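Q: Turn these sequences into a full structure, and let the hints guide you.
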Amino acid sequence: MIWRVFCALLLAAPAAATLRVDITSGVEAPMPIAVPAFATAAVMPTPAGTTADLGRQVATIISGNLTGTGLFRAVDPAAFPAPAVAQVTAPAFLGMRTAAAQALVTGSVTANADGTLTIGCYLYDVFSEEELVRQGFTVTPAGWRRAAHKCSDLVYSRLTGESGYFDSRIVYVAESGPRTKRVKRLAIMDQDGANHRFLTSGQSLVLMPRFSPVDETITYMSFAGDRPRVWLYNIGTGRQEAVGNFDTMSFAARFSPDGRTLLFSVTRSGNADIFAYDIASRRTTRLTNSNAIDTSPSFSPDGRKIVFESDRGGSQQLYVMNADGSGAQRISFGSGRAASPVWSPRGDLIAFTRMDGGKFRIAVVRPDGSGERLLTDSWQDEGPSWSPNGRVILFSRTERAGRSTLRSIDLTGRSDRRIPTPLEASDPAWGPLLR
Amino acid sequence: MSERGALAVAASLHLLLLGALSFSLAQSLPERQAEVDSTPIEFVEIGDEPTVTEPPKPSMQAAPRDPGLPPPSDFLAEAPPEVDKPLPAPVVRADDTAVQDAIAEEVVAPPPPRRQPRETKRDSFDAGAMASLIDKSLPDAPVKPRDTSAFAKSIEAALPKGAKVSPRAMATLEQAIRSQIAPCWNPPIGGADVQAMTAILRIRLNRDGTVAVAPEFVSQTGATPGNQAYARAFVETARRAVLRCAPLTLPDDMFSYWREFELNFDPRLMT
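Line by line, the protein sequences are chains B and H. Numbering of the first sequence is given in the numbering used here, commencing with residue 1491 and proceeding in unit increments. Numbering of the second sequence is given in the numbering used here, commencing with residue 2 and proceeding in unit increments.
Hints in this document: simulated from the structure, not taken from any laboratory. Mixed in with the good hints, there may be bad ones.
[As the list claims (entries may be wrong)] Facing chain B, from chain H, some residues (calculated, C-beta under 7 Å): (1) I42; (2) V45; (3) I47; (4) E175; (5) I178; (6) A183; (7) N187; (8) F218; (9) G227; (10) A230; (11) R241; (12) L244; (13) C246; (14) F266; (15) D267.
[Said to hold, decoys possible] Chain H is faced by these chain B residues, among others (derived, beta-carbon under 7 Å): (16) T1508; (17) R1510; (18) V1511; (19) D1512; (20) I1513; (21) T1514; (22) S1515; (23) R1624; (24) F1627; (25) V1629; (26) R1636; (27) T1650; (28) G1651; (29) L1697; (30) V1733.
Note that the structure is a prediction, hence the values are computed from the model and not measured. Using N, Cα and C, we set each Cβ at its ideal position, and we do this for glycine too.
A: Okay, structure coming up:
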């Protein structure tokens, strides 16, 4: 009997008597974060500058990456002294609190004897005075920016719980020359616009480049040999290969989440249908067979569904079907037309171009067609592409004067940024996180 | 088996389960394998002293080294990355959510129906003074004022029998805590799983309102095996809010009620 009472008390006791207060509101302000120049124990020359210079530049890149998300605000580096090497692992938290920083990113740059650089990256919670995460990155001097991006991803993912997207690249169409004789070249760059290079010469018109989510392959449409069709391009090896063997035009290709299948459209007497192409076996399967233009297919991240646009109902709208082409259901309603759908890698949303009232705007909608939300409001924003973590959307904006640029906007609509490009730019596609 | 024996077995099994769950919290995820890109990058363990090409001069300020970390020479000797060699990937430490899953069904009870509390002469603490305190606290903070009477019933239930504090005073205390914590809380509302996530922390304060013990995690809803990193970041935003806002200014005569209490962080109204 005593045992029974004891056990009952043991189970029941904590339930009562403690005051519990619900906190149902908070602030949505960016989190203040301190990113002082990374320390170096010995200032050494490297092909990319001295280790002290690199320490400052690494901190600048990390600070720019984090503040660009709209979730963080960099505390003015003048508000606190840059730490020496010893303080990297024993930070002066009090000074950081005085400077109102909530988190501290710090680290060091070291030139190794073999010519490589080791960049150490540490993240601290200023109020609990805890080290949250640390990681070292060894890079060639030429690759030092990657270490800064990796450190940014580490910090971002630790503080938000989402995966990062800074160590990734963008492929797009660089445009130059007069409107009547436009030169369009494929170009690739880091997500912040650095390390820009052209992939094609501009002799043939190229359109709609898309990254493989798993490796260094791009698919795009080229008019090479006056035969407009889909190509594969391995950036690592430079090898190019035409996809399929159709008498008519193939276009709007996109990879499956596992990178093994391509989806694209093939025209047939004024109509277009969607096909799946197995890259390894080169076998093609027809998925739609309508008297309408079915195009812009995009897989869901689990590979079970495909969203695409079609004018089968009279106007251009979005539809979702099963991966085998069955069970198509319209998901876009409201006024105007809807085009260029692309499924978020997170799976929760589909981004697309909403065309209404003479304007093109970037919008998101849930896969069941509910919760449509416009993210931009300009004259002509189109061609959305998701960041690898499904948090930011890249798109191209054409101004009324005709100038075309790349921009990104985050899902809250707060962080609207221009991505710098040397020439005019359109049709961007965000690549996966680099390994 | 006797009843006493059976209960003893049951009690020890409970303890075993508790122990097993606590242990699994400390477990790490398996290492992720990284592949080499065209621009090589190598993940390395970094010690408490960054690697230097020439040994640093001894300094009184030098930080103590963690005993468990490899010496710097370990990664000085690292060979350049090879294409086929899997790189040592960062070990992601994440709390196992077994415990969170177990308590996920324990959704916080909905607030009781509204009821006007009776005015009482037993009111032992100055509600007017508390109200002015609430008004003064961070005027630009988007704190949604809530009718204190709505909480009266739940508070009454929480009060020990024969307590000298009125439900109204208790509700005002709640409001005072809320108005001081909410302006410091920056919940990660952009996450895909924020709609279903809440976290409860146990707070222990000193009489001067400073934090006596680091806020202790009690339970969490909405945590799944797929969102562990987000669930952890969520709890940390809550913990940071308490540490940032301390010391709290609360009525001294009610110290026995706020010496230890729980905060339920619930951002669903914000999204």
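Q: Closer than 7 Å between Cβ atoms is the bar; does H/N187 clear it against chain B? Give me holds or violated.
A: holds (6 Å)
Q: Does H/I42 meet its interface restraint, that is, does its C-beta lie within less than 7 Å of any C-beta in chain B?
A: Holds: closest Cβ of chain B sits about 5 Å from H/I42, inside 7 Å.
Q: Would you check whether B/R1624 satisfies its interface hint, that is, whether its CB is within less than 7 Å of any CB in chain H?
A: holds (6 Å)
Q: May I ask you to test the interface hint for B/T1650 with respect to chain H, counting a Cβ-Cβ separation under 7 Å as satisfied?
A: Because about 5 Å separates B/T1650 from the closest Cβ in chain H, which is inside the 7 Å limit, the hint holds.
Q: A closest beta-carbon separation below 7 Å is what the hint needs, so does B/V1733 meet it against chain H?
A: This hint is violated: B/V1733 lies away from chain H, its Cβ roughly 23 Å from the closest one there, beyond 7 Å.
Q: If you take the shortest Cβ to Cβ gap from B/I1513 to chain H, is it below 7 Å?
A: Hint holds; B/I1513 Cβ to chain H Cβ min 5 Å, cut 7 Å.
Q: Holds or violated: the hint that B/R1636 contacts chain H, with Cβ atoms closer than 7 Å.
A: holds (5 Å)
Q: Please check whether H/V45 passes as an interface residue: C-beta within 7 Å of a C-beta belonging to chain B.
A: Since chain B brings a Cβ to about 4 Å from H/V45, closer than 7 Å, the hint holds.
Q: Is the hint on H/D267 kept, meaning its closest Cβ partner in chain B is under 7 Å away?
A: Holds, about 5 Å.
Q: Given a cut of 7 Å on the nearest C-beta pair, is the interface hint for H/C246 held or broken against chain B?
A: Where the cut-off is 7 Å and the nearest Cβ of chain B is about 10 Å from H/C246, the hint is violated.
Q: Answer holds if the nearest beta-carbon of chain H is closer than 7 Å to that of B/G1651; otherwise answer violated.
A: It holds, given that the least Cβ distance between B/G1651 and chain H is near 3 Å, below 7 Å.
Q: Would the stated hint for H/I47 survive a check requiring a Cβ distance to chain B of less than 7 Å?
A: holds (4 Å)
Consistency with the previously given hints fails for numbers 8, 9, 13, 29, 30, ordered from lowest to highest.
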